[in-house]
Amino acid sequence: MRAPAEKPLPDLPGARDLPQAVVCKAQATVSLTGTWRHLRPEYRRATAPCQTACPLGNDIEGFISRLAEGSPIDAWHLLVETNPLPAVCGRVCFKPCEARCSRSRLDQPLAIRDLERVAGDEAVAREVPLPRLATRKNRNVAVVGGGPAGLGFAYHAARLGYLPTVFEQNEKAGGLLRYGIPEYRLPEKILDAELERMSGCGIELRTNKRMGRDFSLGELRGFAAVFVATGLQAPRPFHLALPDSRRILPATQFLAKIKAKAPLPSHGRIVVVGGGSAAVDAARSALRLGARATIVCLEERSQMPADNDECREAEREGVAIEDRTSVLDLGLDRSGVLLVLGRVESFSLSDRAAAIRCATGSERLLQADLVVLATGQVVDREPLAAFDWAGAEECEPTKPQGEGPIVLFGGDLAGALGGKARPATVAEALASGMRAGRALHEKLAAAHPPSPPPGLEAEAINLAYFARSTRERPLMLPVAERVAGFDEVCRGLSRPAAQREAGRCFHCGRCTGCDNCWLFCPDLAVARSNDGVGYQIDLAYCKGCAICAEECPRGAISLVEERK
Amino acid sequence: MRKLLTANHAVSHAVRLARVEVIAAYPITPQTPIVEELSEMCASGALAAKFIKVESEHSAMACCIGAESAGARSFTATSSQGLALMHELLHWAAGARLPIVMAEVNRALGPGWNIWADQTDSLAQRDTGWLQFYCESAQEVLDSVLIAYRVAEQASLPAMVAYDAFFLSHTAEVVEVPSQESVDRYLPPYRPKLELGVEAPAAFGALTSPDYFMEFRLKAEQAMEAAADMATQAMEEFAGLFGRRYYPLEAYSSDDAELILVVTGSAASTARVVIDRLRGSGKRVGLVKVKLFRPSPKEEIRRLLGRAAKVAIVDRNLSLGAGGIVAQEIAAALANEPARPAIHSYIAGLGGRDITEETLEEIVEDALSQVRARPRPLWVGVRS
Chain Y
240 MRAPAEKPLP
250 DLPGARDLPQ
260 AVVCKAQATV
270 SLTGTWRHLR
280 PEYRRATAPC
290 QTACPLGNDI
300 EGFISRLAEG
310 SPIDAWHLLV
320 ETNPLPAVCG
330 RVCFKPCEAR
340 CSRSRLDQPL
350 AIRDLERVAG
360 DEAVAREVPL
370 PRLATRKNRN
380 VAVVGGGPAG
390 LGFAYHAARL
400 GYLPTVFEQN
410 EKAGGLLRYG
420 IPEYRLPEKI
430 LDAELERMSG
440 CGIELRTNKR
450 MGRDFSLGEL
460 RGFAAVFVAT
470 GLQAPRPFHL
480 ALPDSRRILP
490 ATQFLAKIKA
500 KAPLPSHGRI
510 VVVGGGSAAV
520 DAARSALRLG
530 ARATIVCLEE
540 RSQMPADNDE
550 CREAEREGVA
560 IEDRTSVLDL
570 GLDRSGVLLV
580 LGRVESFSLS
590 DRAAAIRCAT
600 GSERLLQADL
610 VVLATGQVVD
620 REPLAAFDWA
630 GAEECEPTKP
640 QGEGPIVLFG
650 GDLAGALGGK
660 ARPATVAEAL
670 ASGMRAGRAL
680 HEKLAAAHPP
690 SPPPGLEAEA
700 INLAYFARST
710 RERPLMLPVA
720 ERVAGFDEVC
730 RGLSRPAAQR
740 EAGRCFHCGR
750 CTGCDNCWLF
760 CPDLAVARSN
770 DGVGYQIDLA
780 YCKGCAICAE
790 ECPRGAISLV
800 EERK
Chain E
13 MRKLLTANHA
23 VSHAVRLARV
33 EVIAAYPITP
43 QTPIVEELSE
53 MCASGALAAK
63 FIKVESEHSA
73 MACCIGAESA
83 GARSFTATSS
93 QGLALMHELL
103 HWAAGARLPI
113 VMAEVNRALG
123 PGWNIWADQT
133 DSLAQRDTGW
143 LQFYCESAQE
153 VLDSVLIAYR
163 VAEQASLPAM
173 VAYDAFFLSH
183 TAEVVEVPSQ
193 ESVDRYLPPY
203 RPKLELGVEA
213 PAAFGALTSP
223 DYFMEFRLKA
233 EQAMEAAADM
243 ATQAMEEFAG
253 LFGRRYYPLE
263 AYSSDDAELI
273 LVVTGSAAST
283 ARVVIDRLRG
293 SGKRVGLVKV
303 KLFRPSPKEE
313 IRRLLGRAAK
323 VAIVDRNLSL
333 GAGGIVAQEI
343 AAALANEPAR
353 PAIHSYIAGL
363 GGRDITEETL
373 EEIVEDALSQ
383 VRARPRPLWV
393 GVRS
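The listed protein sequences correspond, in order, to chains Y and E.
Heads up: the first sequence is residues 240 to 803, going by our numbering.
Heads up: the second sequence is residues 13 to 396, going by our numbering.
What the hints contain is simulated information worked out from the structure, not anything from laboratory work.
Each residue gets a CB set at the ideal place from its N, CA and C atoms; glycine is no exception.
Heads up, some of the hints might be wrong.
A few chain E residues that don't get close to chain Y, going by computed Cβ distances all over 10 Å [what the hints assert, rightly or not]:
| id | residue |
| --- | --- |
| 1 | E248 |
| 2 | F254 |
| 3 | S293 |
| 4 | Q382 |
| 5 | L390 |
Restraint ranges, calculated between C-beta atoms of paired labels, are given here [said to hold, decoys possible]:
| id | chain 1 | residue 1 | chain 2 | residue 2 | range |
| --- | --- | --- | --- | --- | --- |
| 6 | Y | E789 | E | A60 | 36 to 42 Å |
| 7 | Y | E789 | E | A347 | 38 to 44 Å |
| 8 | Y | R767 | E | R197 | 39 to 45 Å |
| 9 | E | G209 | Y | E789 | 28 to 34 Å |
| 10 | E | Q166 | Y | V772 | 45 to 51 Å |
| 11 | Y | G771 | E | R203 | 36 to 42 Å |
| 12 | Y | E281 | E | L230 | 39 to 45 Å |
| 13 | E | F63 | Y | G771 | 26 to 32 Å |
| 14 | E | G217 | Y | A686 | 52 to 58 Å |
To give a feel for the contact side, a few chain Y residues facing chain E, derived at Cβ under 7 Å [to be verified]:
| id | residue |
| --- | --- |
| 15 | Q259 |
| 16 | A260 |
| 17 | V262 |
| 18 | T272 |
| 19 | L702 |
| 20 | Y704 |
Turn these sequences into a full structure, and let the hints steer you where they fit.
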């Protein structure tokens, strides 16, 4: 049986000294049962893409889970950890979350905004108070401007234990929410309910207090900090010289007058100039005043900055949109305003100048009783003269006057002050206030809030495990009934529809205990935890095949490289 | 206790008596009644085994490998295509030195789709490192399962007990079912030489470099060779306890025979009748039944067949292009004998065609009449 070897064999144990079969006992450096694992699976919590996209960082997956469980108030409690106004944002948010929803890779994104509204409305209906969390610190902070940014700051400062006082120039707080967004999109009673609830959590509101008119910066010396969020109060200068006339007015005034039921000049034909959200709000409001409404905007219809759903509803209601159109001239005649319009070939807009090129010979006339200019807002610097904001950054605590309080800027104002310009949206404004509140707390209390878990990679979702489903649509007021008044157009999701919609959530980045990892592990290395929540991996048996991570539908398992 | 049993149910009782701890099997005709009966025994509590339902024969063998590695006596049963599907893991079970026992009901491999007796399926697995026992009656099947466990566990090698479809698997005979006490005396609990344990994790069957591979093969080959004597001894002890005597190679009326007929499986019973009749008519013919095919009982082949003038081998199997497998093995075992018999090779009974007394008589008469053996096997009972 033994043939003579041609060259001597290496000096190794012979057959007699070997075990009967190949076996390696507990010598491996990585796993007791083998050396080949180079990736180690780890259960993790990753932040869902919707939450990453939300300016406020709302725990969207969390609140939707609670809605799916049939607990809207629990869902609301999770939302108000970041957002004090879920019923408001559930109506008017520009929903960047939905644009990032993982389900849009399979069918349609979840109706996250509609779901937020369900939770928000339930809490309003049941008059649930906001929770008071931190113990009082007896440190007063001032907020200049009672819009969403100021309110966001006040809310988060109060949650962190400070005593905020909000100085608001108008009769009521809310800013743009109250005076800019029409009733048919955001009923005042909803706004009132959510703001009233905020005053119940320790926020003092002083209305009819305009800085520079009713008080000065010096009078705020007693406060530990001042958050300035006065927004954009002045209309952006129009690119043409405007005749002085009651028949030409900025959108903010137009919308505020409607809210205040103030008289307007005769308005059979209203032309709104601009392509943003305010322009669409103005035009749809005009319809509700019985006017014929036309929007004139530079952009192509599909490129308008306003929310596409809003534009579509405006058209269904009867608003005419003259896109790629510029106002070349504008003058008064006996019956109203005469506009000369031109076909836009190209344009570029900046804060200071507008460069618009129109096709020669494309001029035409448009007659209007009233022209509403929705071409943007800029900072009104007059009440802010006392501040030195050279180098001021959004939400960065600064102490410009040595002795005085810490000053922070936020909201639309901060964006316009040369800080990083952000989309001027309600969620952004609230988020700006939240960031400022947390930054202040970090400075005063040296408290560092935990950062959220890392964002989920899109490819971590295994679409094979999800069935297609149809997005639920909210109930809408019939078009014929809408223009008769300012009744709310969108009536939200019905209870059963909301439950179904919540059930469509993938729960990106969170283990739901689906058992896939446990079922698929070829080495039986995955075990259910003794407490019944989640799983454990026995690394003595795991070979690092990564099947568990691949088969996890929602990216709740990550792979970590082994370092030997 | 005497019972009327098919060979399939005789296996079920043998498995029960062997106190098998893990059974993993996938149904296939003609094997299925074995594991049906076993599942009922497990359900009724007559057998305290874990019955694992699997999705394929490959998985069944994988389960047995896992169970046996963890130190559990395990069992599976299959036939034909099912055995072919296990092929990869048959090598693994042997290389890992796991004494799994399997009942293998010999059935033809398709196509043509055929569920009847043919030994090509198990003989085609002759190089996988499994002991192979062939049987001629339901009683022998029951006894061979017990013997197989005994030898397999002693040699640390897997074993299959093979028998013909329907002629044995579905035909009831009176079978003496031994008592549990006597079987317990014959077959002690399984004590693995290498045990996989949760407390002492280890990698079994890991990468083995050229520095060691040959040494492990050599050890397995030495174990296989030693198993031939172990089988002889296990059969002797079995006879002592139970009174039924088996041999790796059984000689019948062959001492002075000029021509020895060689058969395996159920045809052996038919052959005994034929040999008796031919003896009665004055012909010096005998019979050798091959029971142990792996390890090849080469010494016994030389001892029992070496002195005859002619050997006529009936193969109920076919290695395409090479003829009957048993004939090849016997010819190889006799190759270096100075005075060796002429090897007459016959192919018969493929795919369940009956091997009758007439078939065997025809073979004997043919072999006796041939001056010199043919270069190729003769196909008996085929329509030309």
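Outcome of the hint check:
1. E248: Per Cβ check, E248 of chain E is outside 10 Å of chain Y; nearest 25 Å; holds.
2. F254: At roughly 30 Å from the nearest Cβ of chain Y, F254 of chain E sits farther out than 10 Å, so the non-interface label holds.
3. S293: Its Cβ never comes within 10 Å of chain Y, the nearest being 47 Å, so this holds.
4. Q382: 37 Å, holds
5. L390: Fine: 37 Å to the nearest Cβ keeps L390 of chain E off the interface.
6. Y:E789 with E:A60: 36 to 42 Å: At 39 Å between Cβs, range holds.
7. Y:E789 with E:A347: 38 to 44 Å: Given about 56 Å between the Cβ atoms, the range is violated.
8. Y:R767 with E:R197: 39 to 45 Å: 44 Å, holds
9. E:G209 with Y:E789: 28 to 34 Å: About 30 Å separates the Cβ atoms of G209 of chain E and E789 of chain Y, which means 28 to 34 Å holds.
10. E:Q166 with Y:V772: 45 to 51 Å: Taking Cβ atoms as reference, Q166 of chain E and V772 of chain Y lie about 49 Å apart, which means the hint holds.
11. Y:G771 with E:R203: 36 to 42 Å: 38 Å, holds
12. Y:E281 with E:L230: 39 to 45 Å: 44 Å, holds
13. E:F63 with Y:G771: 26 to 32 Å: Because 29 Å falls inside the window, the suggested range holds.
14. E:G217 with Y:A686: 52 to 58 Å: Roughly 56 Å apart at Cβ, these two residues keep to the hinted range, so it holds.
15. Q259: Q259 of chain Y check passes; min Cβ-Cβ to chain E is 5 Å, inside 7 Å.
16. A260: 4 Å, holds
17. V262: Hint holds; V262 of chain Y Cβ to chain E Cβ min 5 Å, cut 7 Å.
18. T272: 5 Å, holds
19. L702: 26 Å, violated
20. Y704: For Y704 of chain Y, the interface hint is violated, since the closest Cβ of chain E sits about 21 Å away, which is over 7 Å.
Hints 7, 19 and 20, counting from the list given before, are not met by this structure.
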